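Asker: Chains as they are written, first to last, in the working numbering: chain A, 14 to 261; chain B, 14 to 261; chain C, 759 to 1004; chain D, 759 to 1004; chain E, 19 to 315.
Check each hint, because a few of them may be wrong.
Unchecked claim - Straight-line alpha carbon distances no greater than 25 angstroms define the calculated BS3-like cross-link-like pairs of lysine-lysine that follow:
{"id": "1", "chain 1": "E", "residue 1": "295", "chain 2": "E", "residue 2": "231"}
{"id": "2", "chain 1": "A", "residue 1": "256", "chain 2": "B", "residue 2": "96"}
{"id": "3", "chain 1": "B", "residue 1": "97", "chain 2": "A", "residue 2": "153"}
{"id": "4", "chain 1": "E", "residue 1": "302", "chain 2": "E", "residue 2": "277"}
{"id": "5", "chain 1": "B", "residue 1": "97", "chain 2": "D", "residue 2": "857"}
{"id": "6", "chain 1": "C", "residue 1": "810", "chain 2": "A", "residue 2": "153"}
{"id": "7", "chain 1": "D", "residue 1": "989", "chain 2": "C", "residue 2": "976"}
{"id": "8", "chain 1": "E", "residue 1": "277", "chain 2": "E", "residue 2": "181"}
{"id": "9", "chain 1": "B", "residue 1": "256", "chain 2": "A", "residue 2": "256"}
{"id": "10", "chain 1": "E", "residue 1": "164", "chain 2": "E", "residue 2": "295"}
{"id": "11", "chain 1": "B", "residue 1": "157", "chain 2": "D", "residue 2": "989"}
{"id": "12", "chain 1": "E", "residue 1": "295", "chain 2": "B", "residue 2": "210"}
{"id": "13", "chain 1": "D", "residue 1": "996", "chain 2": "D", "residue 2": "934"}
{"id": "14", "chain 1": "C", "residue 1": "810", "chain 2": "A", "residue 2": "96"}
{"id": "15", "chain 1": "B", "residue 1": "96", "chain 2": "A", "residue 2": "157"}
{"id": "16", "chain 1": "B", "residue 1": "100", "chain 2": "B", "residue 2": "256"}
{"id": "17", "chain 1": "A", "residue 1": "153", "chain 2": "A", "residue 2": "210"}
Keep in mind the hints are simulated off the structure, nothing from the lab.
Since the model is a prediction, treat every value here as computed from it, not as a measurement.
Residues per chain are reported as follows:
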Amino acid sequence: MKDKSWHFYLPAMILLLILWYVISIIVHLPIIPSPVLVMERLGNIFTQTIAIHALYSLWRIIAGVFLAIITGVPIAVMMGYYKKCDKILAPIVYLTYPIPKIALLPILMLLAGIGELPKVIMIFLIVIFQVLVAIRDSIKTIPKEMFFPLYSLGASFRQIFLNILWPAVLPNFITSLRVAMGTAISVLFFTETFGTKYGMGYFIMDSWLRVNYLDMYAGIVVLSLIGLFLFGFLDLVENYFCKWKKKV
Amino acid sequence: MKDKSWHFYLPAMILLLILWYVISIIVHLPIIPSPVLVMERLGNIFTQTIAIHALYSLWRIIAGVFLAIITGVPIAVMMGYYKKCDKILAPIVYLTYPIPKIALLPILMLLAGIGELPKVIMIFLIVIFQVLVAIRDSIKTIPKEMFFPLYSLGASFRQIFLNILWPAVLPNFITSLRVAMGTAISVLFFTETFGTKYGMGYFIMDSWLRVNYLDMYAGIVVLSLIGLFLFGFLDLVENYFCKWKKKV
Amino acid sequence: MITVDRLYVRYDDTNILEDINLNLPTGITCAVIGPSGCGKSTLLNVLAGLQKNYQGLVQINGANPSPKKQTIGFIPQNYGLLPWLTVKENILLGLKIKKEAKQGLPRNLVDNLGLSNLLNRYPNNLSGGQQQRVSLARAFALKADLLLMDEPFSALDAITREEMQDVFIDLWQKQKVSTILVTHYVEEALYLGQKIIVMTSAPGGIYKIIDNPLFSDKNFRDREIFSSLSKEIRNYLKKAGSKNER
Amino acid sequence: MITVDRLYVRYDDTNILEDINLNLPTGITCAVIGPSGCGKSTLLNVLAGLQKNYQGLVQINGANPSPKKQTIGFIPQNYGLLPWLTVKENILLGLKIKKEAKQGLPRNLVDNLGLSNLLNRYPNNLSGGQQQRVSLARAFALKADLLLMDEPFSALDAITREEMQDVFIDLWQKQKVSTILVTHYVEEALYLGQKIIVMTSAPGGIYKIIDNPLFSDKNFRDREIFSSLSKEIRNYLKKAGSKNER
Amino acid sequence: GSTTDEKEVADNTKTETLKIGLMPDIDSIPFIIAQEKGYFKEEGVDVELQYFKSAMDRDSALQSGNLDGGVSDMLAAGFAKAGGFDVKITSSTNGNYCLIAGTGNTAKSLAEMKGQNISVSKNTIIEFVLDEMLAQNNMTEADINKTVIPQIPTRLEMLQNGKLDGAVLPEPMGSIAVKNGSYLVNSSEAMKINPGVMVFTNDSVENKKEVIKAMYRAYDKAIEYLNSTPQEEYMDLVIETAGLPPATKDALVMPKYMKAALPEKSDWDKSINWLNKKELVTEKYNYEDIVSDILTK
Ligand SMILES: Nc1ncnc2c1ncn2[C@@H]1O[C@H](COP(=O)(O)OP(=O)(O)OP(=O)(O)O)[C@@H](O)[C@H]1O
Ligand SMILES: Nc1ncnc2c1ncn2[C@@H]1O[C@H](COP(=O)(O)OP(=O)(O)OP(=O)(O)O)[C@@H](O)[C@H]1O
Ligand SMILES: [Mg+2]
Ligand SMILES: [Mg+2]
């Protein structure tokens, strides 16, 4: 966290706030409220209102992404490592990836009801493909010589996974998680608009509908901070696990 | 295209169709129509109706992704290569990436109206971050020894870009485009629902609101095929430019 | 017992190895020497079970080469260290995989190879010669049935090289492990190989197999036969190389 | 004219190079020899302008080492080939960057290095020795002001190595290019170096600089002074190595 | 007399386009007819109809100046006003919102639906209508279980498949559900509340007064046409243009359309009360604050 602490973000934050402020003054419409007013509103409603929404969203994102990881990584590893697996699964992935998951929402609700499950599943469905494609492709870029030491030791697949596939893919995996997190946050807008009264997606959408732009922007700010928090967490993970990459 | 031709996809297609068929029989509701009926409908309406929608969507996706590439790649390269650039821009990216772009629709409409422009910009805004993060991260993973031959020749930045950065990053770039394409397709649902009567997003949404599930599924099938087409195109590009990667 | 019978290896449409025949009893050390690009590494890869695309019969102790059955200590030409493991972890990797890690780091070996101060470094932060010694340590620690070494001392200076050669000789004398090593140095071949195989290039084949009386003789340079034998081998090498283009 | 004055290089908190002082006139060839991990590659990196983190004065023809001002032919220890370029493109890379590619591939050089049949291959499909020769071709094609070679012949068999050494000597005699090469072989140092620098390790320093009368003498092995000189250098090496741990 | 009047208007407004946002519901039908039958042209106005799939997109377009006005409702107008957008209600429209009991639900009245799942979209006209119905039955929100599902087709689908006990649906979806075997419990029409309105930005009301008036004349012509023509004659066209389900044709009985008129004051009072009570809007806007008398002046 050394170089990703407050004074890493502070200048950028201030810059963005100034930019926002200037635009809000130029446009001078309630559709772009001044950041001062938004921050004020945020301060007023955070603890009573937004905090609970943020927690709901956080849990759904984490659950969805977690599900995507534990099912996506094994499949991706198999696809990247075993040509045969790839031959069978790649066309299925290529065919199903572009299916617009949002259009499947009615089916999902029909099958999974309107509780927490379909929301998590929707995040899962969208994120898993990104994890899948990124990991599969990055396993394929490992030069085959990299495997020789382990092959020549007669390593089992598990050992190859632990000693080569996983460490080699980790940086790309974290990148794909970064991308997926961003997507997961966007997806909240589909998933948190039905069958719930909580979640940042619900909150922002509701504020929008109510033409309450102050609330809406306060929500956007909080969502960005959630994203920032998740990104920062990934940075920590990367620093910890990819020590060997550190350049002098 | 050798190993990505029809007989690459055919088994998967048949499998998915069978799966779909079985589910449609089990559920037995109009919301999951039989693929036979959908294909029939697709055959009937493709040329008069869907083709034009598909073309509109294709152009918007390509325009948005193209914009994202020509602005995103240079920024990402600077960020990945120059530590200082990264120091300045990374926090901005980290802060703005999680901002839900959909919530910015009012602002976008304010700035760009409701014609083609905001649709392309929306795709651009969502895709550029994925390209940015992926390329930046992958440039950072190039081992520094890789640069030595060019450094020792006193190469200019342009030469380093052309000879190292670009070829080294290309495979990851294509992966990120694959992921981004999938996202771009999902985004159609926000972007094509206002100010237009064309586009697959519009078509599917319209069919949905009309409770015309046959049309809706026909649209989903076409959208998947568009995705497939774009993926196949990326495969071709990869095969062509990454010849050196081919394994024996 | 290593048996190779009519071995052919081809990439694309050209033969890399052609009609290789070999019979090496267990416990022998054998030096392979030959022109650049003649297929020495390829031959080692076949024996290590890494190159599976070949024609002909290859057997190690009566079975196909398979690292699951035999314990093979393999030192590839580019050292084959894993960049995300420290030196220590890299050395222990083989033992870990063979489920013998509990016996711990072979301190003696590590000392002899001059690695004691580098144990917590990552390979990227080592010099070429240091990396090569880590690779040696990994293979030697294994107590392998078969040792395959591809130019194992190439990145070492003359003095260190000789010390490492002695480490190997010691090891061999204790464990009598069958060894095939590729080398570019006639002297090295004469010191370390009971048999010396000279290969021809394009396509790679066996030009001559020489029985070497100088093996493991510390003073082999001073023996009478040394200069005649080394001249002979250099001659073979020249002929083998000029037979075709490199 | 290469001037090095009180050069220090450190990683983390340990000195890798300590108090290096050197004065080499233009057009000289100089062989560097020293124990594994003593800092030879680091020294070359400093001279090539790749390692910028150093203390002390380093000047090449009166200016800081900078590949933009001088044309430097650099052969790194790991060959430094770009995997996405064919052999031909790799060889031409230097010329292209120095904007002299229009003169085309130096056919003669490529023939002498035995690469004519490999021009359309990618580096990953080459043997170690072949890769090294491609790296040599790239550096030699450049008509460099300064040639820095890190163990340039280490992956070549004895015969090929001697041929390549002669290619270098030819080149040097035509262009009188200042050269610093790292080698592990006393013989190689004696054949290719007008001066021979012996380094100590941990931290790396200069132990001795020897003027070598045997330089470029094809029959240097038969000269009287050869065996005494090579004994002397081996002795220095031993002392330099034992001074500290490797 | 009237012909010269029209000419004058036509001359004044030749260059000005009126952009109106529509949604796929029956309020939009008169506009489609007026466009198709050329009534707008006859009145000399250039009206551009923009179709939206969600209220949010429509409101964003309105608030970002891409529309002059649109088919909307009193609650949206109240929200906009509170959000700082000066909008004016200019007339009431003819929407209808139905409370439907799901398939297999035996309830025949709201009172019998105590404790059941009733689906609405939150903070919208839909929820407002349901709350009004509850109030009429002396019930409160706590008596039922409100389930939020914003997408209308999804609500319909869940209702028809027995995943919901009830739902409030706009026309023509309500009629379609009834046609498919669900039971119509109550409707806004039956309760004589009508929160559906036309909304214009204050800017347009002030600067395009004549254009809007001309537009309303064409609108009234369309209403005359609608009320005097059998619905088979125009239904196909309307379904196609508005984006309504094909089933509308058989299921929907067109309501008696009213000519453009100012909305009832009581409807506005109910709406703003509801907004205030739910603390969605704090100010209590008067009928006069928000309704423009452009039609009557
Ligand atoms: N993937 C490949 N595709 C085509 N040819 C290859 C491939 N790999 C190696 N070769 C060729 O096979 C031959 C043998 O290679 P190998 O690496 O076995 O040589 P070697 O004897 O080890 O040479 P060196 O002493 O230079 O290491 C070489 O001519 C090389 O060009
Ligand atoms: N990134 C690094 N971090 C820390 N120490 C390093 C790093 N790179 C090199 N070293 C150390 O610096 C010393 C000199 O390395 P260098 O590569 O210059 O040695 P060398 O003389 O070329 O050795 P060799 O003959 O084995 O190639 C070595 O001891 C090495 O461990
Ligand atoms: Mg080899
Ligand atoms: Mg070195």
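Asker: Hints first: check each against the structure and report whether it holds.
Answerer: The hints, checked one at a time:
1. E:295 with E:231: violated (35 angstroms)
2. A:256 with B:96: Within the cut-off at roughly 18 angstroms; holds.
3. B:97 with A:153: violated (32 angstroms)
4. E:302 with E:277: violated (29 angstroms)
5. B:97 with D:857: violated (29 angstroms)
6. C:810 with A:153: holds (20 angstroms)
7. D:989 with C:976: holds (17 angstroms)
8. E:277 with E:181: violated (39 angstroms)
9. B:256 with A:256: Violated - the C-alpha atoms of residue 256 of chain A and residue 256 of chain B are around 32 angstroms apart, more than 25 angstroms.
10. E:164 with E:295: Measuring from Cα to Cα gives roughly 17 angstroms; hence the hint holds.
11. B:157 with D:989: violated (39 angstroms)
12. E:295 with B:210: This hinted pair is violated, its Cα atoms lying about 39 angstroms apart.
13. D:996 with D:934: Violated. Residue 996 of chain D to residue 934 of chain D sits at ~32 angstroms, over the 25 angstroms cutoff.
14. C:810 with A:96: holds (16 angstroms)
15. B:96 with A:157: Not satisfied, since the Cα-Cα distance of roughly 31 angstroms exceeds 25 angstroms.
16. B:100 with B:256: It is violated: about 35 angstroms lies between the C-alpha atoms, which goes past 25 angstroms.
17. A:153 with A:210: This hinted pair is violated, its Cα atoms lying about 44 angstroms apart.
The structure does not agree with the numbered hints 1, 3, 4, 5, 8, 9, 11, 12, 13, 15, 16, 17 stated previously, though it agrees with the rest.
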